[in-house]
Amino acid sequence: MSGALAQRDVFGDTLIELCRADPRVVVLDGDLANSTKADKVAAAVPDSFYMLGIAEQNLVGVAAGMASAGLIPWVSSFAAFLATRDLDQVRVVVAQPALNVKLAAHYSGILTGYTGKTHQVVNDLAIMRSLPHMTVIAPSDADEARAAIRAATVWEGPVYMRLLRDPVRAITSSGDGFEIGSARVLRKGSDAGIIATGAQSVRALEAAEGLSREGIQVAVLHVPTIKPLDEEAIVAFAATVPRLLTCEEHSIIGGLGGAVAEVLAERHPARIERLGLQDVDGESGPNEALLQKYALTAEHVAQRVRRMLMPV
Amino acid sequence: MNAPALERIANHLRRETLRAVHHAGAGHIGGVLSAADMLAALYFEVLNVDPRHPRAPDRDRFILSKGHCAVGLYVVLALRGYFPIEELQTFDAIDSRLQGHPDMRKLPGLDMSTGSLGQGLSPGIGMALAARRLREDFHTWVMLGDGEMQEGQIWEAAFTAARYNLDNLTAILDWNHLQQYGWATPDGYASIARLDPAPNPRVKWEAFGWNVIECDGHDISAFLDACKAARAPRGKPSIIIASTIKGKGVSFMENDFTWHSRPLGGDDVERALAELA
Chain A
1 MSGALAQRDV FGDTLIELCR ADPRVVVLDG DLANSTKADK VAAAVPDSFY MLGIAEQNLV
61 GVAAGMASAG LIPWVSSFAA FLATRDLDQV RVVVAQPALN VKLAAHYSGI LTGYTGKTHQ
121 VVNDLAIMRS LPHMTVIAPS DADEARAAIR AATVWEGPVY MRLLRDPVRA ITSSGDGFEI
181 GSARVLRKGS DAGIIATGAQ SVRALEAAEG LSREGIQVAV LHVPTIKPLD EEAIVAFAAT
241 VPRLLTCEEH SIIGGLGGAV AEVLAERHPA RIERLGLQDV DGESGPNEAL LQKYALTAEH
301 VAQRVRRMLM PV
Chain B
313 MNAPALERIA NHLRRETLRA VHHAGAGHIG GVLSAADMLA ALYFEVLNVD PRHPRAPDRD
373 RFILSKGHCA VGLYVVLALR GYFPIEELQT FDAIDSRLQG HPDMRKLPGL DMSTGSLGQG
433 LSPGIGMALA ARRLREDFHT WVMLGDGEMQ EGQIWEAAFT AARYNLDNLT AILDWNHLQQ
493 YGWATPDGYA SIARLDPAPN PRVKWEAFGW NVIECDGHDI SAFLDACKAA RAPRGKPSII
553 IASTIKGKGV SFMENDFTWH SRPLGGDDVE RALAELA
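Protein chains in written order, with the numbering used here: chain A, 1 to 312; chain B, 313 to 589.
In isolation and in its complexed conformation, chain B is listed as follows (with noise of 0.2 Å):
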């Protein structure tokens, strides 16, 4: 699929997201949005996977690591053809496949269940050594957020999967420069503006031994050539660094950390999907 048909998928997510917070009165938005057009392209160009299959052993493996943004991943899922888009109305409610944050145990379709900051990266490092042992070329990504950059199993994970070598693993940090409440700026805490949760993310991982690939992850194109170069085979695990902006789409929510989870109110909806149209 090509970039801007995965632009109008991505867009297609946004509103759909949007729709499933607001019927849910609860649900996290910024940071889906930041990892939208990341999102579509994965499950509709880079992943190899079948919806129809969704325990093929040989299938590529997806774990959201950031689990709070669990809404988005359902709506991909439903869009790609997982289940049917009326179930995303099921989102929080009571007996729904479609938890706040994933269940692997409620949904096929979701590799591993997260929602606890920092435990995806691990998980992966696992499927990907299994991979190995299995012999199956099935490749293993993570989305991480920049926020648990903060969580030290992440750097647990990181020293392992370089010291295994595994180039069939690769992380995508959804770097979209805020988190729930973060550290204040010198201006303090009556101002927005924020530090930024993890700055310097290339020095960081390439000292711990991982190919760094830097992108725009609203550029789609820019996104399917990163995924393209992080599968290459270089002995060594890859992480493409996904530059973002929180909230993106929707201009009143963009770059405001009190979008990270807030329900919809007023006329919010009507404005944010206007501006999706």
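Here chain A stands alone, though its shape is the one from the complex (with noise of 0.2 Å):
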């Protein structure tokens, strides 16, 4: 996607504005500013950038107590190491007391620049949509991103927000801003739904585009917010549509699926199928192979709505 920002650049530019609006927002690294670009913010308000080096559980240990203490701070690592190496810790200091502390989990999904399994963290939504007290928040293009991130940091309380590596296609547009919660239908359409979050709303958009050529009539819903879930709109959305495909760059285990699957078993049962990783590790390579090693592609999603309309 030449010509299209990446929710990297993104995150350090939003983070200038805002640490220079407000002297309470600061930007914590564990080293991977260059990477993150989280170095955009070191560079040019260096007063609110905090360099914490290779240690990512005092990373969060410190957010939690600037915190406690009335700062912003946003801690910009991986999220393979924020879910998981770090989960005592976001549990212990940030979920369970509901410290002030916003989460930039970068590099999520598995398109992490040729880092392979260790850098990539295929189960983190569903990690930290089950703590109490968390926010979590998967924008999908750089336009949401900018605006999720400046409304995570006057919500109150932890958010954890899924950033992407590398840019992909506009879905939305500066206008639109970001309500914490709220899912929104990108396309309407009666033959299926998908219903979607992060990067993998993207394709399931062009999927959908595709299948309208093919006269096959797709709905989107876009999930950003993974929590606090929006039922109302998933509940409302299944009952326009009669087969369901969630679709996420995430296990198909407890994470958008998993989250959709609960709200309709009790509020509107209806059979959906669930389109991300399917219960494996991620690994190294070029994004395109990646996506097509593990079915996530725009194409994989078409083909998998067409196979869910055949008649049994």
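If you're looking for bench data, these hints aren't it; they were derived computationally from the structure. Do not take every clue at face value.
Stated by the list, open to error - Some chain A residues well away from chain B (every beta-carbon gap over 12 Å; in silico):
id : residue
1  : 47
2  : 55
3  : 64
4  : 98
5  : 278
6  : 307
Said to hold, decoys possible - Each pair of labels, with its calculated beta carbon distance range:
id : chain 1 : residue 1 : chain 2 : residue 2 : range
7  : B       : 477       : A       : 175       : 41 to 49 Å
8  : A       : 4         : B       : 364       : 52 to 60 Å
9  : B       : 541       : A       : 113       : 48 to 56 Å
10 : B       : 407       : A       : 51        : 48 to 56 Å
11 : B       : 528       : A       : 156       : 40 to 48 Å
Beta carbons are placed, not taken as given, at the ideal position from N, Cα and C, and that holds for glycine.
Reassemble the complex: the two chains are provided individually, in unrelated frames, and hints are given to aid placement.
Right, here's the structure in full:
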């Protein structure tokens, strides 16, 4: 996607604005600033930037202490480290006391720049949404990430935000704003519905556009907030389509697919299928090859919808 | 408050701790008795705090990183006037603000939630950095257990605090020489003797760039001097390595790791309180 901004670029640029506007906003880095683009903050507002070294457990604890004293720390690290290496710290000094710590989970999903399994966490949404007091957000494109970062900064309480390393096609516009806890219908259609989050919403929309040219009209509901989940929107959306597919660059266990299944099982029993990583770890490779291998491309989404609609 | 008055408070703290643990039928005793003199000195002399304003932005901060000794912290807070002494009877009971490990969401006066060992020093760094950023001159104090020196995060924090030259941060190591179960000496696990959980702390903390002050953690005058020295700006964080006795004050509990956490049975309470009378 040449020309499109990456979410990590938007992260750096937006935090510069936020740090300049409010001295309580600070960025904490775990020695990944030149990957996450937190280095933009370091260069532009050095007083608001705190290097904390390759010590992720301490990193989260420092943020908790800052938040307890009234600062608004954005902890910038890779999703894999924040969601798993730091899980006990996030649980005990961030989520349990509901401190105002924002976790910028960069390099989320499996498109992590040739890093492979250690740097890819396939179940961070599942882990984070099960923590009491935690808010979990997975924006789709750059504009939405910018709006989500602003919204999370003024939101009172801990937030885990998935961010993408590489650019994706823009599917929102800067005027859309961002309301934490709100899902949005990106496209209407009556043959089937896709409920998607993060970058996979972009691929789902592309799939729906392609299917439309084949005469299959697929609705797409984008769910950027995994928690609190917009249950009303999901139930209402499910009522408009005969078949449903969830779609995420994440394990099919416990993430968006799991959350949607829970809600619909209780409130609007419906047959759904889940597209995502099939209980497997990732690996290193070029983005396109990874999406192909793990069946996450727009074409894979479209195939899944076609198969779902075939008469049994 | 002078040392003899603080010693009386420490004694009171020990007695109330035994009563609360006995009432709850659970709780950590050994590590509270080792820290009791320091907790009394901190809350009645050292810390700049006001029980009427437990969330005042300019108050000194205290983090009990060895969070399993929460009951000792609750007792000293009650004695200092944060809440009524009678509330200690709710320790560990359902719906209590006095949780088995400190919960800052429940009880005003707790500056950080702790309980998972090794985590307390890092929020102390965050508070010290926040003080600097917000131009507040409060001091942050973190009490560490010697057992949690085995946690890697302690050393992440030790490195970072020195890197930021945080002389508004002081760690206090309650070096009571025992942990919950511990490593056997050559005599094996049948013996009650154990290896030191944190040998040679001075060398380690100095190597990490800290100003090290050693004292006897049961000599309140010496501890007050150590705290005064720790507050002096010197461009690096300080640690007070306070040598203590686990179970201090109750003869049959002293230096016995089994009193780390153990319900009081039989006439244990009466015997212990008699010694602390």
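How the hints compare with the structure:
1. Interface exclusion of residue 47 of chain A from chain B breaks down, the closest Cβ pair being 8 Å apart, not more than 12 Å.
2. Taking the minimum C-beta to C-beta distance to chain B, about 4 Å, the non-interface status of residue 55 of chain A is violated against the 12 Å cut.
3. The non-interface label for residue 64 of chain A is inconsistent with chain B: the shortest C-beta to C-beta separation is roughly 5 Å, within 12 Å.
4. Not every CB of chain B lies more than 12 Å from the CB of residue 98 of chain A, the least distance being 6 Å, so the non-interface label is violated.
5. Its beta-carbon lying about 33 Å from the closest one in chain B, residue 278 of chain A satisfies the requirement of being farther than 12 Å from that chain.
6. Against chain B, the non-interface label of residue 307 of chain A holds: every CB pair exceeds 12 Å, the least being about 47 Å.
7. For the pair residue 477 of chain B and residue 175 of chain A, the supplied restraint of 41 to 49 Å holds, since their beta-carbon distance comes to about 46 Å.
8. For the hinted restraint 52 to 60 Å between residue 4 of chain A and residue 364 of chain B, the CB-CB distance of approximately 56 Å keeps it satisfied.
9. Remark: the range hint 48 to 56 Å for residue 541 of chain B to residue 113 of chain A is upheld by a beta-carbon distance near 50 Å.
10. Checked against the hint of 48 to 56 Å, the C-beta distance between residue 407 of chain B and residue 51 of chain A comes to roughly 43 Å, which is inconsistent with it.
11. Distance hint check: the CB atoms of residue 528 of chain B and residue 156 of chain A are about 45 Å apart, consistent with the given range 40 to 48 Å.
Hint compliance for this structure: hints 1, 2, 3, 4 and 10 are broken, all remaining hints hold.
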